[in-house]
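Please put together the full structure from these sequences, using the hints given.
2 protein chains.
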Amino acid sequence: MGVKTDQSSYYNKYAYTCLLCSILVNLFLSYNLFVSKKCSLSWSTSAAAEAEAVASISCSGHGRAYLDGIVVDGKPVCECNTCYDGPDCSTYIPDCPADANSGDPMFLEPYWMQNAASSALVVTGWHRMSYIFSDHSYTSQELEKSIRRLHSIAGNAVTEGKYIVFGTGSTQLLNAAVNALSLYNSSTPSKVVVSIPFYPDYEVQTELFATEHYKFYGDASLYKNSSDDSTNVIEFVTSPNNPDGKLRKAIFNGPSARAIHDHAYNWPHFTAIPHPSDEDLMLFTLSKLTGHAGVRFGWALIKDKTVYERMSTYTNENTFGVSRDIQLRALKLLNVVLDGDGRSIFKYAYGTMRNRWESLSKTVSLSTRFTIQDISPSFCTFFQNVRGPSPAYAWLKCEREEDDICYKVLESGGILGRDGILFGASSQYVRLSLIKSQDDFDQLLQHLKKLVLQEDGATREDM
Amino acid sequence: MGVKTDQSSYYNKYAYTCLLCSILVNLFLSYNLFVSKKCSLSWSTSAAAEAEAVASISCSGHGRAYLDGIVVDGKPVCECNTCYDGPDCSTYIPDCPADANSGDPMFLEPYWMQNAASSALVVTGWHRMSYIFSDHSYTSQELEKSIRRLHSIAGNAVTEGKYIVFGTGSTQLLNAAVNALSLYNSSTPSKVVVSIPFYPDYEVQTELFATEHYKFYGDASLYKNSSDDSTNVIEFVTSPNNPDGKLRKAIFNGPSARAIHDHAYNWPHFTAIPHPSDEDLMLFTLSKLTGHAGVRFGWALIKDKTVYERMSTYTNENTFGVSRDIQLRALKLLNVVLDGDGRSIFKYAYGTMRNRWESLSKTVSLSTRFTIQDISPSFCTFFQNVRGPSPAYAWLKCEREEDDICYKVLESGGILGRDGILFGASSQYVRLSLIKSQDDFDQLLQHLKKLVLQEDGATREDM
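Chains as they are written, first to last, in the UniProt record's numbering: chain A, 1 to 463; chain B, 1 to 463.
Calculated from the structure, these hints are not laboratory results. There could be a bad hint or two in this list.
Capping the alpha-carbon separation at 27 Å, the derived lysine-lysine pairs in DSS-like fashion look like this [claimed, not checked]:
| # | chain 1 | residue 1 | chain 2 | residue 2 |
| --- | --- | --- | --- | --- |
| 1 | B | K75 | A | K145 |
| 2 | A | K215 | A | K145 |
| 3 | A | K13 | B | K13 |
| 4 | B | K347 | B | K303 |
| 5 | B | K249 | A | K215 |
| 6 | B | K246 | B | K408 |
| 7 | B | K246 | A | K75 |
Laid out in structure tokens, this is it:
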């Protein structure tokens, strides 16, 4: 009986302890289920679960699935990086050329995957259905505030005393700017000029949309001396320049010269920032800042009120301003950029681009057949030190006379670049994009190494 | 001892029962917390919680808060409907004019609030950063599929054998279409014409963006007889028409005449659908279908491959295609529209617009001072019955000679409409928007009733 009681008392104590533990677990679970944020969701739950399910589809690190991807067997399929294939992108395609053609800024994708929680966005079905914001404008005041804060952190542009116009990508703003500046004097069409080498879209776009007020003339140097003061000149000044990464200044400065400063690449990612740019008309794009080319968001900082109004009229008549969805997404992304001290994306982007440039430079330095542009280290006000180059593109030259169509030389070596002739230069040059995915860059480097190895004098050990 | 044992045994049994229950509760909670969808969220949780918190801000049914609204005290403030004010939009502003000016399709906002769960969208930070989709195009194949399905349900347009170009709103496609059609013959500029009354943006936009290939001429009837076959004509045909809701046909039919059929309002919401439209170039917009004007999404159905390619080139050069975020949102919304039998939004929209038209007609019928357009009931292939009119706008006429500037007459009566002269008509006409929020419509009706009451012969009882 004594043993039994002891045993029973032991079991009882055990039972009570278990009960206590179980109740504590109950409380903990209940808290998590009903009180903590995590489980108090209602209408957003299924959309969130759907997005997480798609995001969790494994594509072997060589691709990713998207919510709006092609659906097979009820779920979106992996979309693989170049040269990868298979349902989970794990198959490497042999003899696949490295694609270094486009300026697709996918090098920042890993940054956003690392910041999944802070950069996620939940949009209600009734989000901003109206044409206008509550101040009757087409533009988000919160987004404008974030842009001004960002420039003050990056130190790359003066926003004080500047108006802001949003664009559906800075692409839309290029022609909006030309249009706005050309209207000052309608008696003769303004000459749209740019120094060689230049971003091809200036030419293609300006020619397609040309009104009677302006005309694309191209090579700025041809008109520098012949141009008298009575001719309006609109000069595209891309700084740092696409394709060669050089900092540039306007070469026309007369009373009838106006410049569009395309600062797409004017971020610590790609260049040392010498001082905040304070030009009359500056263009920026989300694409080369956060890597979101697909979002299509850009902005112009404008000093002159009339130019501001004309550019606003252009974007308003063209697309009724910028989609509220684009503005919402841009705001979310910029606010992640501004989190903390607002420096993390710049460090990440510079680190990546700097590494890529160093690897590429090392390879090209072993070659006598190929050269790339020389950019000197210089003092960067953002990093507060002298820093090496980290441009978005390599502007590669084939040095041999017989290699006069350089992109074909590269193509036969498994590298797809962009012909220099498209930039107003000669076909001895090729632009190679360094801002695409790591896979793209790795393939580029691998093929370039092979090409350099084929030259006399270079040995495998040097690689 | 016996009592004690009984009691102890009772407590023990009780404890074991409690333990068992507690364990079952634990299992239930664990299932909900870890297994069921609801609580298995990770990175999307805080964004979802944030969106739900903003959506739950109470604005008294006369406004709503948005995620990207102006932030005061750490959270976005209510954005109130016209004539409402205060932190929760509960204050009615006395002597506030009814704003019936813009074509802001807010009448559909309640529909989306009712479909909160299915229309919610969760976007990852790394969603479609690239310029291109996996097929190297700028356009979502899934979205194109949804658009084709939608037209086949609505029965309003033939999509078989048609190409699709997406636009940043149909606004962008208006000029893209003019541009594409004008290039057929560059020796003389094409005449861009339209029948009166017409949507003012055709004129404003065409004049702002005019190239050497086309020119806005306006009133189609002026050129109908004078125009010989050698002159290219590009005719805007808006059917149903904005502002008067009438179905329209092209009046130019010669070999050098081309038409842009603007079918923005060609949905069962606003008109009986006589048959699927099968024109060479048709434009549609999300704005007047789902009410999402702010999203900026439109599409063109195009028969001719060359026109398709030219319009694609236009949108590609203008904005690098349509933002991937716009396409994602449009896909989500269209898929909600297509849910079930795909008829629910049409029933809802027609019901609302029909009620509004009946209320307005009843009021105007008591007036001799004001008239509105007459639209006959007709057979609708979508509803398979003869249905009454439900146009997007009232095209109101001031009948008294002294009321020659009609919008001023209405303005003094507390109604803001759009002057007929902007539509190429006379100032005896005013366009009144019927597609705004219920508050806007209620205020319009209230002020109109007052105006009519001021006329001789009308009595309060008739109202």
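Status of the hints after comparison with the structure:
1. B:K75 with A:K145: Judged against 27 Å, a Cα distance of about 16 Å means the pair holds.
2. A:K215 with A:K145: violated (36 Å)
3. A:K13 with B:K13: holds (13 Å)
4. B:K347 with B:K303: violated (30 Å)
5. B:K249 with A:K215: violated (37 Å)
6. B:K246 with B:K408: holds (25 Å)
7. B:K246 with A:K75: violated (44 Å)
Going through the hint list in order, the structure does not satisfy hints 2, 4, 5 and 7.
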